[in-house]
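There are 2 protein chains.
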Amino acid sequence: MDNFVFNNYTKIIFGKGCENDVGREITKYGRRILLHYGGGSIKRNGVYDSVLSSLKEAGAEVVELGGVQPNPRLSLVRKGAELCKAEGIEAVLAVGGGSVIDSAKAIALNALYDGDAWDFHARRAVPKAMLPVGVVLTIPAAGSESSDCSVITNEDGFIKRGLRHDCMYPMFAIINPELMYSLPKEQIANGCSDIFAHLLERYFTNTRGVEFTDRMIEAAMKTVVNNARAMVCGTADYDAWSQVVWAGTIAHNNLLNTGRVGDWGSHNIEHELSAHYDIAHGAGLAIVFPAWMKYVMDHDVPRFVQFATRVFNVENDPFDQKKVAKKGVEAYSAFLKSLGLPLTLAEAGIGTEKFSLMAKQAVEIGGGKQGNFVELREDDIVSILKIAAK
Amino acid sequence: MDNFVFNNYTKIIFGKGCENDVGREITKYGRRILLHYGGGSIKRNGVYDSVLSSLKEAGAEVVELGGVQPNPRLSLVRKGAELCKAEGIEAVLAVGGGSVIDSAKAIALNALYDGDAWDFHARRAVPKAMLPVGVVLTIPAAGSESSDCSVITNEDGFIKRGLRHDCMYPMFAIINPELMYSLPKEQIANGCSDIFAHLLERYFTNTRGVEFTDRMIEAAMKTVVNNARAMVCGTADYDAWSQVVWAGTIAHNNLLNTGRVGDWGSHNIEHELSAHYDIAHGAGLAIVFPAWMKYVMDHDVPRFVQFATRVFNVENDPFDQKKVAKKGVEAYSAFLKSLGLPLTLAEAGIGTEKFSLMAKQAVEIGGGKQGNFVELREDDIVSILKIAAK
Chain A
1 MDNFVFNNYT KIIFGKGCEN DVGREITKYG RRILLHYGGG SIKRNGVYDS VLSSLKEAGA
61 EVVELGGVQP NPRLSLVRKG AELCKAEGIE AVLAVGGGSV IDSAKAIALN ALYDGDAWDF
121 HARRAVPKAM LPVGVVLTIP AAGSESSDCS VITNEDGFIK RGLRHDCMYP MFAIINPELM
181 YSLPKEQIAN GCSDIFAHLL ERYFTNTRGV EFTDRMIEAA MKTVVNNARA MVCGTADYDA
241 WSQVVWAGTI AHNNLLNTGR VGDWGSHNIE HELSAHYDIA HGAGLAIVFP AWMKYVMDHD
301 VPRFVQFATR VFNVENDPFD QKKVAKKGVE AYSAFLKSLG LPLTLAEAGI GTEKFSLMAK
361 QAVEIGGGKQ GNFVELREDD IVSILKIAAK
Chain B
1 MDNFVFNNYT KIIFGKGCEN DVGREITKYG RRILLHYGGG SIKRNGVYDS VLSSLKEAGA
61 EVVELGGVQP NPRLSLVRKG AELCKAEGIE AVLAVGGGSV IDSAKAIALN ALYDGDAWDF
121 HARRAVPKAM LPVGVVLTIP AAGSESSDCS VITNEDGFIK RGLRHDCMYP MFAIINPELM
181 YSLPKEQIAN GCSDIFAHLL ERYFTNTRGV EFTDRMIEAA MKTVVNNARA MVCGTADYDA
241 WSQVVWAGTI AHNNLLNTGR VGDWGSHNIE HELSAHYDIA HGAGLAIVFP AWMKYVMDHD
301 VPRFVQFATR VFNVENDPFD QKKVAKKGVE AYSAFLKSLG LPLTLAEAGI GTEKFSLMAK
361 QAVEIGGGKQ GNFVELREDD IVSILKIAAK
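Chain order of the listed sequences is A and B. Those letters in the first sequence? Residues 1 to 390, per this note's numbering, in order. Those letters in the second sequence? Residues 1 to 390, per this note's numbering, in order.
So that you can see chain A by itself, here it is in the shape it has in the complex (with noise of 0.2 Å):
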């Protein structure tokens, strides 16, 4: 196991009703409140009504900044930042998803920074402090609420970067499945690939003596296979949604890969995809991530014998370890099927024409790479994306 520092600062408010909670807690940082949201579907569904009620009941003043679209767009983080500057804002309130979440961070960070607003993402500044961010989570996956991450999409280029900072945790994140139900039944299924994405990119590594990490992995993988059909099929069943929820803010807040160094090679090729065709994140992990298992096997059979056994239950063959490996793939793809999510690029109406483009790109934020449990130049990028073409 490597050394490793493991600090999570994000209070998790967990359960039914824990909504009503938010005014309170977010007071604590400040009056002016920016309510940062997506597409208006929490207007509908009674949650914008229950965040407002609750902010006003504790004494906040509220500016609204609605529209962060999937995939959440540098445009929008400069108007959030620039707002905060000219209303005063103490503390953003990102109430929605993981684009959501990562958007309101993007703002928070430049709401305390007077250069362009790209230039965190882009690597030419390095994060200093936010305002303090709380979220109301909506839809389970990114995990973004308790981890330091953010992911935002230049238009300009079409360029979707990951930025990660040990000040960039929320203060807190209010977690109430209940108001997961009425998502639709795609943007579920997304949510439980992209889960399960962020487990498999900490599980992937070559990091010896790491046998409790590995376990708990597999909890949490076990746990969303078990239970992420119910929620897909609509049945309202909390204690389903609760438990892959509560997995997913796990998945993601860094506990999982203490000592350990993931891979990430899916995540970036993926983030080119939806940068290039505004595909659903967990859609483009469901293609991208089985096609990147049967790229780099060879590399550690083992391990793949490990995820077939253990989470997928495959039963262990001793004289072919690779039939096992390949079969604990194979579940893996029918697991996402279940699920009614795209296994090919062709499935996701994406073509051959942008393989090269896309490898070109994502190897660019790596420094000419991309993945640590295989280090992936562009050709292998492209040979995975054929691999995940049909």
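Some clues are possibly wrong.
Here are the computed lysine-lysine pairs in the BS3-like style, where the Cα-Cα straight-line distance is at most 25 Å [stated by the list, open to error]:
1) LYS28/B to LYS128/A
2) LYS11/B to LYS128/A
3) LYS11/A to LYS11/B
4) LYS294/B to LYS28/A
5) LYS11/A to LYS128/B
Everything labelled a hint here was simulated from the structure, so no lab data went into it. Computed from a predicted model, the values in this text were never measured in an experiment.
Please arrange chain B on chain A, whose structure you already have, making use of the hints.
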């Protein structure tokens, strides 16, 4: 799953050589430091020198208070709190295991309190704040390095009482498993028993819909079972040590009881044993917990079957679930025995003479009962002690 709030702000600094960061970390909270430790083993194994050198380098002004005993005593807490007040101490650094950390927390609480030092643990006063506490962990087990708990023994009546409060998390915990290699075999075994017991207390719950935390607890239990023997054998196996030590911290940082109510009956029964007989906590738990399991098993046989099959790989027998459940308890006892731990009160030289007194004192603190999975009254505790007797 129950609603919950989870907010553990202890910064974990884990790995080889990390004790050299202690000066920099603790002086973030002030220069006047109380250095608190136990019987002097840290002077023999070099930890004291490393810590003191790091403190001096960071410009700390150090006041020392050693002499913490296992089952840490109130008298030393009193002395430490007075010392903090007299010396204008700004932060307390605990270098040791659970006893030293628990003592440090009690001192840090009472340093800011003018009433009697037993008030908090006796439930006559509620904590509001404590001096910042930092930890250099030298014994894996108690989990106190990132928990909100402190257990203190009042010599006046041999009363051992646990206390927990949100303000009682240490600011940081420095954890280098290499510092623990020189521990006596018995102490390592006691530590592993204590870690496993912390997991069991959380595992045995009546809360439904807790698959995720069930699986996370099982992940930690399997990790302890697979690696504890190598630690006790003195193999200086970093992979084994680092897994169990990290699992030991997570076992007790409240993550694994999110959304569920644990039991804690066995811990409170054991507190009486070690208060009256000064038996090591881990050894006491090795005696009490299997006895508790036998006594309460019929309350929820399926949970015991899950424990047996998932943690100890007992083969399921759908036609005789009770047999499977019993085999789980046998496997747990065999594991404890393999570490050299006592399995009966007789082996520990403890007779039957105080069963009634200990049962009475144990339920006193719980308002007439102990335990949540099964509520135990005085006569239940006497019955459990009788099972544990030989």
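Structure-based check of all given hints:
no.: 1; hint: LYS28/B to LYS128/A; in the structure: 18 Å, holds
no.: 2; hint: LYS11/B to LYS128/A; in the structure: 19 Å, holds
no.: 3; hint: LYS11/A to LYS11/B; in the structure: 14 Å, holds
no.: 4; hint: LYS294/B to LYS28/A; in the structure: 48 Å, violated
no.: 5; hint: LYS11/A to LYS128/B; in the structure: 19 Å, holds
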